[in-house]
Each structure stands twice: as C-alpha cells, then as structure tokens.
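K.L.:
Okay, here's what each chain looks like letter by letter:
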Amino acid sequence: MTDLRDRPITPVSLPEPTLTKPSLLHTEIMSLNVGPQHPSTHGVLRLVVDMDGEYVVKVVPHMGYLHTGFEKTFEARTYQQGVTYAPRTDYLHSFSHELAYVLSVEKLLSADLPERATTIRVILHELGRIHSHLVFFGTALMDLGAITLFFYCFREKEEVQNLFEDICGYRMNQGYFRVGGLSKDAPEGWAARVQKFVDTFDKHVDEYATMFQKNPIFLDRATGVGVISSELALDLGLTGPNLRASGVPLDQRKATPYCGYETYDFDVPTSTDGDSLARFNVRLQEFRESAKIIRQALARLKPGPVKDPNRKISLPPREELETSMEAVIHHFKLVTEGFHPPVGEVYVPTESARGEVGYYIVSDGGSMPYRVKIRAPSFVNLQALEYACVGGQFADLITVLATVDPVLGDVDR
Amino acid sequence: MALKELFERDWQELESGGVLFSSLEKLVAWGRSNSLWPATFGLACCAIEMMGSTDGRNDLARFGSEVFRASPRQADVMIVAGRLSKKMAPVMRRVYDQMPDPKWVISMGACASSGGMFNNYAVVQNVDSVVPVDIFVPGCPPRPEALIYAVMQLQKKVRGEAFDNYGTQLPMVDAWTR
Amino acid sequence: MTTTLDPRRDPLTPQFADWLAELGVQPDDSAEPTALVPAGDLLRVAALLKADGFMLLDSVGLDYSQYTEKKPARFCVLHNVFHPHDHRRLFLRVYVPDSVDGSGGELPTLYPVWKSANYLEREVYDLMGVVFSGHPDLRKVLTPDDLEGHPLRKDFPVGETPTLFRDGRFLDPATFRAGMNGQSAGLSGYKGGQRRGEMNEPLPPVMPEGGPK
Chain A
1 MTDLRDRPIT
11 PVSLPEPTLT
21 KPSLLHTEIM
31 SLNVGPQHPS
41 THGVLRLVVD
51 MDGEYVVKVV
61 PHMGYLHTGF
71 EKTFEARTYQ
81 QGVTYAPRTD
91 YLHSFSHELA
101 YVLSVEKLLS
111 ADLPERATTI
121 RVILHELGRI
131 HSHLVFFGTA
141 LMDLGAITLF
151 FYCFREKEEV
161 QNLFEDICGY
171 RMNQGYFRVG
181 GLSKDAPEGW
191 AARVQKFVDT
201 FDKHVDEYAT
211 MFQKNPIFLD
221 RATGVGVISS
231 ELALDLGLTG
241 PNLRASGVPL
251 DQRKATPYCG
261 YETYDFDVPT
271 STDGDSLARF
281 NVRLQEFRES
291 AKIIRQALAR
301 LKPGPVKDPN
311 RKISLPPREE
321 LETSMEAVIH
331 HFKLVTEGFH
341 PPVGEVYVPT
351 ESARGEVGYY
361 IVSDGGSMPY
371 RVKIRAPSFV
381 NLQALEYACV
391 GGQFADLITV
401 LATVDPVLGD
411 VDR
Chain B
414 MALKELFERD
424 WQELESGGVL
434 FSSLEKLVAW
444 GRSNSLWPAT
454 FGLACCAIEM
464 MGSTDGRNDL
474 ARFGSEVFRA
484 SPRQADVMIV
494 AGRLSKKMAP
504 VMRRVYDQMP
514 DPKWVISMGA
524 CASSGGMFNN
534 YAVVQNVDSV
544 VPVDIFVPGC
554 PPRPEALIYA
564 VMQLQKKVRG
574 EAFDNYGTQL
584 PMVDAWTR
Chain C
592 MTTTLDPRRD
602 PLTPQFADWL
612 AELGVQPDDS
622 AEPTALVPAG
632 DLLRVAALLK
642 ADGFMLLDSV
652 GLDYSQYTEK
662 KPARFCVLHN
672 VFHPHDHRRL
682 FLRVYVPDSV
692 DGSGGELPTL
702 YPVWKSANYL
712 EREVYDLMGV
722 VFSGHPDLRK
732 VLTPDDLEGH
742 PLRKDFPVGE
752 TPTLFRDGRF
762 LDPATFRAGM
772 NGQSAGLSGY
782 KGGQRRGEMN
792 EPLPPVMPEG
802 GPK
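Protein chains in written order, with our numbering: chain A, 1 to 413; chain B, 414 to 591; chain C, 592 to 804.
Hints are not guaranteed to be accurate.
To be verified - In silico lysine-lysine, DSS-like type, Cα no more than 25 Å apart, as pairs:
| hint | chain 1 | residue 1 | chain 2 | residue 2 |
| --- | --- | --- | --- | --- |
| 1 | A | K292 | A | K302 |
| 2 | A | K58 | C | K731 |
| 3 | C | K661 | A | K107 |
| 4 | C | K641 | A | K254 |
| 5 | A | K196 | A | K292 |
| 6 | B | K439 | B | K570 |
| 7 | A | K107 | C | K662 |
| 8 | A | K107 | A | K184 |
Stated by the list, open to error - Computed footprint of chain A on chain C, listed as stretches where at least three residues anywhere in the stretch have a Cβ under 8 Å from a Cβ of chain A:
| hint | region |
| --- | --- |
| 9 | 604-616 |
| 10 | 626-639 |
| 11 | 660-671 |
Source of the hints: derived by calculation from the structure; they are not laboratory data. Even glycine gets a Cβ: it sits at the ideal position worked out from N, Cα and C.
Kindly produce the complete structure, drawing on both the sequences and the hints.
P.N.:
In structure tokens:
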C-alpha cells in the first residue's frame, strides 16, 4: 500500500494575477509572512504574501492552526451531546451552528416542534447575528485604526450576552437548543428585557453609522478596496453578507425558509459595489433587519411547551420521574444511550452571520452520527482573499481580511 | 586589609540576610505586578472574552494589564486563550521563547488547561506540556471576571504573596539574576 | 424576491426527475435531492450545471467502509450545488472508483468549472484521502504536515489521550466516556472517593527510617 502523500502531483500554478495598478518600484518579488500570531488576522490565520514593493502580487492563506477535529469528535458522541460541540465552531454566531445541527437531526427524526420553541430559536438566532456583527464592527474598524467604535460595540455586546446569560446561563457557546426543542423555557421577564434592548438598538445603530460612514479616513481606506464582482463571488461560492455586498440577494432565510422565516417581514440588504465599504454597509443594515425580526417574533411569543412531547426524543419533566415508571425508563434510555434516528442522510441550510451553515449528517441507525460534515461559510469565503487583494497595497489586504470576516474556528473546525 | 575583609564579610552577611536588596526587590516586584502586559495570543472562543475583559464594562485597565502587545518581545504574560491545536503548538512555543524574562503564562479556559471537551487527534491536551503555566482559569470560556481574577492572582504571585497547596510560600521572582 | 417555489426543488416531483433526465444522470434514493453521477461523467454534468448558473457550495467526503448498507464503493464525494436565483439544490453523489491498492481513489477535479472547488477539494483530500487529478494546488490544508493518515477515515482512531496533570492525577478517556454513556465500567484514575478539599491535603507519605514496620 503506497502512501498517498508520496504520489507525485503535477503542480499547476493558479491563474497569474495581474497588477491593475502600475508598480512603482519594479523590485524583486518579496515574500512576507503574516501570522499565525498577528494582531490584524482574526484568529490564527497565516498568510504568505508575495509583494512587489508595496503592491500585493499573490496571497496564499495557510489554515489549520485551529483545527480541532470537530467532525471526527461528532462521530464519537451521541446526537444530543453533539449540541454542545456545534456552537464552538463559530463562536461569534454560535446559535447558527447550534440551530443548523439541531434542525438537521430533527429532520432525521421528523420531530414535531412546538411553536414557542421555534419562536425563541428565531429570537436567539437573530440576537446571535447582532452579536456577531457587533464584534465585526468593533474589530474590523480597530484593524483600520479606529478604536473608538470597539468600545461602543462591546457595550451592546455585553447587553446581548446578558440576554444570553439570562436565558441559558452562559454568555457564549450556549448549547441551549436541544433536539426536539429547548433545554428549558425562557425565564419570566426575559421577553421584556429583549424588547427593551431591541427598542433602543436602532438608536445605537445610528450612533455607529455616524462614527464611520462620513469619516474621510475610513472612506479612503474602504471605498473601492477589494472589489469582488458578482460573477467571481458566485464562482468562489461566497455566501452571506459578502455575496450580498456583491449584488446577489441570496439569503437562505428567504431561499429555503426554516423556523418559519417565511412568515416574517424583513428585507435582504444588498449592494452592487462589491467593495469593502459595501460589506460594511450591508452588515450595518442587517442590524436593523435583525431587530425587526426580533420585534415581530416577540409579538407572537405565546406561553406553551418548549419541547417535543415525544418521550423517545426529549427528556420527561422532573416531577414525572417520581410517579411514572415509564418516564424513568425513557429518562434512563435517553441519558445513557440516546435515541436512534432512522438510517438516512440529511442537510438543512441556514443563514448565519457569515453565510450558509449546514450540517450534512449521515445516520447508520445508531445512537451516534455516522458522519457529520459542517458546511463552514468562513472556509469558503476565505478564498475571496486570494482574488480581492491582488493589485492592491498591503494595507488594503488588512481591510479586505477584516471585511470578509472569517472566524477561524469556523474555517478550521 | 582588615578593613576590606570586614567590608566583604559585611556585604555577604547583608546579602544573605536579605537586608540590602529585599526592599528594592519588593519595589521592583510591585512595579512589575501592576504593569503586566499581555501578549495577544487569542486562539478561539476565549479570545472574545479576553477582548471583552478590556471593554468599558470590565476594564482590565484597572489592574494595569490592558496594553495587549502585538509583539511578544514587549510582553510579560501570555494569555493562552482557547484550544491549542497540534499544528499551533510549535508556533506558541516560539512566541513564548521570544518573550523577555521574567515571563508568566495564564492558561485560559478548559481547552487550554486540559483539552476540555476535545479529546482527539488534533488538540493538545494540556498547554502545560508545551509552556510552563502559572495560572489555570476554568470555564468554557471563562467570564471576563474570571480572567481579571486570574490576573489578580498572578499579581500576587509576582509579588511573592502566593502559596502552593501545602501552604508553602512561593518565591518571588529574583529581580537580578534574570 | 419571488414567492413561487420552483417545483424542481423537491425530489419527489416529476419535474425533478425530468430535470435529472435532461442532465443525463440517475436520481439517488435519498431524502435530499441527490443525483448519482459516474466519475467519468462528472465534468460534463458540472459544466451543464455551471452553464445553468449553479454555484458549488460544499464538497462532502464520505467513508462507507463501516456503514450498515452495502455501497458500491468505499469512498464517496458529494458535491453540494445550489442555484442562487431559483434556489434549487442538488447533491452530486460520485462514488470514487476503488483503486487497486485500496488507498483511496481518484476523481477529476472540479476546479476548471468552479473556483470554489479549490479549498473544498483540498479539504476532502486532506481529511479523507481522495485524490483529485488535475487540481492545481493539492496539498494538506487543515491537519499538520507531520500527521500521518487521513483523520476522517473510519480506520483512523479518534486519538484520545489521557490528560496528565502536574500532581499526578490524570483524566482517563475511558472513564470520561463511561460517565457519559454508561457502556463500560469506569476505570477511574481520578481517585474520586479520596478527594478532599484543597487546603486539607496531607503531605505526601514519607518512608519511615529503617523501612516499613
């Protein structure tokens, strides 16, 4: 048996990048290593940049410095335990991965979800999007040298994290969804606190906009930098705000609705410019759309159960354990072994703050998944870097990297 | 000659008794403990809470540790925030080696301290096997308050006010030999 | 946005079958809209889909060596293609022809059709060991360079190792799992019963003078 890595692979170089701006120096091509520990790479990304003077000729990202083996670990855990792992991939919008995983398993089981659980999921999904974009604005503008917005964004981020903590006891990496519902109901007064946050949030969004939208230094650094045309974006498989900033109004909440998103009234902000400024603006408008969805979801939040009544999937309530032998047996089976979904393969696409997230789950009928493949949007989006930076200056590379907004946990998994 | 011998003996007595330098060492340690500059070594989820600890609400600056240095050569303490993959471990060791002495390490979060929930082929099971760790912070991720408490504990250690499990006082870092 | 859904989104409709017949491929028996594409036919189908406006979103590598059902080949690659305007999704299921020595197999690359295949195929190559012939830059992407083997194959162990702590305690993976699923007896290396508070820990035992009494 020969080792695959010894097999000779004929190297074919990528299409030669062309410099759109004239090179002033005509010096030798110099390679510059950025990362993996670097202040302006979001996480442990390593870039090898070939430069002609100040101009970027070629960018080669090296990933894998945060490779955690999620997909292998899923195969050794039961379905319900997998909920704990899913949010750790994209830790900024952790509810997106949690939701995608849970929806896939529920599709496998044909679970019947109560209305209240779905509505709370929508609220948390959108709050997570707000959380992710807040961190995006804070850190991306810090990369461009504007530190002030970081403190404003993190002020609201703490508010959002308080809401997360109130409902599931933890600020990040919640693990709150369960296959067949939620782990527990929202506490009393939580909806009112969310309402209070959302009501004041639009004012804060205006505040963020005033801080950078008319700043000439920011506009100089973002306008026309890192243009990704819509053809290139589709060819590269971009999704999420990066694709919408290039003019393709693709949003999985509209395209393949899940969690009843087709019943909510919201817009998909797009821009046709495709540059870094467009990516900032699209995300800024998404703040308002998310707040709009949360307001509608809060209005239709009615008291009710939050778990699938099917005892084969969800744990029986605590008080039933003392009176019903059947409940004890179900509890024991679920805790020790978990449920056994039917044989099959499922995929449910969802829209995270970075693009399409989906879990391709293969079940062989056992209590653990046979194979879980995470469709990670950041990993695919990162390919845009190789194309969008070429011809620009090195400082533009930082802008493009910040606006493509990869989360390295999502890239490397 | 007798005077010189006497002087040397006095010097040795003073030094062994810790009279001459102890006050100065305490002053240096006090200064060091209140300006522990961390190197940015955010790896995963914990890095977000590490950033959160410097924001307006938690304000790590109260303890003199808000100046996150991009270059390890300007940092005193490395906060290993997140799961350390086996591909990243040599890089981390190199960053640690570049830091000037005296230096300290905080292992932030369950993944850095013990591998956490990721017991597989890809994750280093304990950062302590790569670099010597002074403070372990539990949590997944720890709250900013937990990180601030860890920095406070580290300050105690730097000032020589820390004790181990058996009640023995841990020595202060010698200011002069390094 | 249009609200009328394209009937070809649903694999149960006759329109879906017609569409696959147009493409010249067989439908696969799966809950998701899946087409069974022979390896030699992949580039032709991909070019047709690309001309139709599809984008490549994901490539999934599968190892069926321990699966309950018998599959035509050990390795299989699923290309997840999606139409950004009428929102059709199709999974192209390609069984990798078994190589003679059983070390994986070879598929034609989709890079000439979709540029997004660049990283996606590198990932499948890295984690599953399927070689894509003609790929411009086929090398490891996620795992370290010194890692032997391909982690997502079923014969690759999860690689659990005990976590050693300084004071001699260790967290044993078997114990860790026994607590979770109750399928094996706990071989506890963590002396749970003898655990005391931090400050009350006795000094380590010392051998008395002259040996044990």
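K.L.:
State for each hint whether it applies.
P.N.:
For each hint, the structure was consulted:
1. A distance of roughly 18 Å separates the Cα atoms of A:K292 and A:K302; the hinted pair therefore holds under the 25 Å criterion.
2. Distance check on the hinted pair: A:K58 and C:K731 sit about 19 Å apart at the alpha-carbon level, within 25 Å; holds.
3. This hinted pair checks out: C:K661 and A:K107 have alpha carbons roughly 24 Å apart, not beyond 25 Å.
4. Straight-line distance between C-alpha atoms of C:K641 and A:K254 comes to about 23 Å, which keeps the hinted pair within the 25 Å bound.
5. Taking the CA atoms of A:K196 and A:K292, the gap is near 13 Å; set against the 25 Å cutoff, the hint holds.
6. Distance restraint check for B:K439 and B:K570: the Cα-Cα separation of roughly 12 Å lies within the 25 Å cut-off, and the hinted pair is therefore satisfied.
7. Using a Cα cut-off of 25 Å, the hinted pair A:K107 and C:K662 holds, with the two alpha carbons roughly 23 Å apart.
8. For the suggested pair A:K107 and A:K184, the alpha carbons sit about 21 Å apart, so the restraint of at most 25 Å is met.
9. Residues of the region 604-616 of chain C lying with their CB closer than 8 Å to a CB of chain A number 0, which falls below the three-residue condition for coverage.
10. Check on the region 626-639 of chain C: 0 of its residues sit with their Cβ under 8 Å from a Cβ of chain A, so the three-residue criterion for coverage is violated.
11. Three residues within the 8 Å Cβ limit are the bar, and the region 660-671 of chain C against chain A gives 3, so the coverage statement holds.
Hint compliance for this structure: hints 9, 10 are broken, all remaining hints hold.
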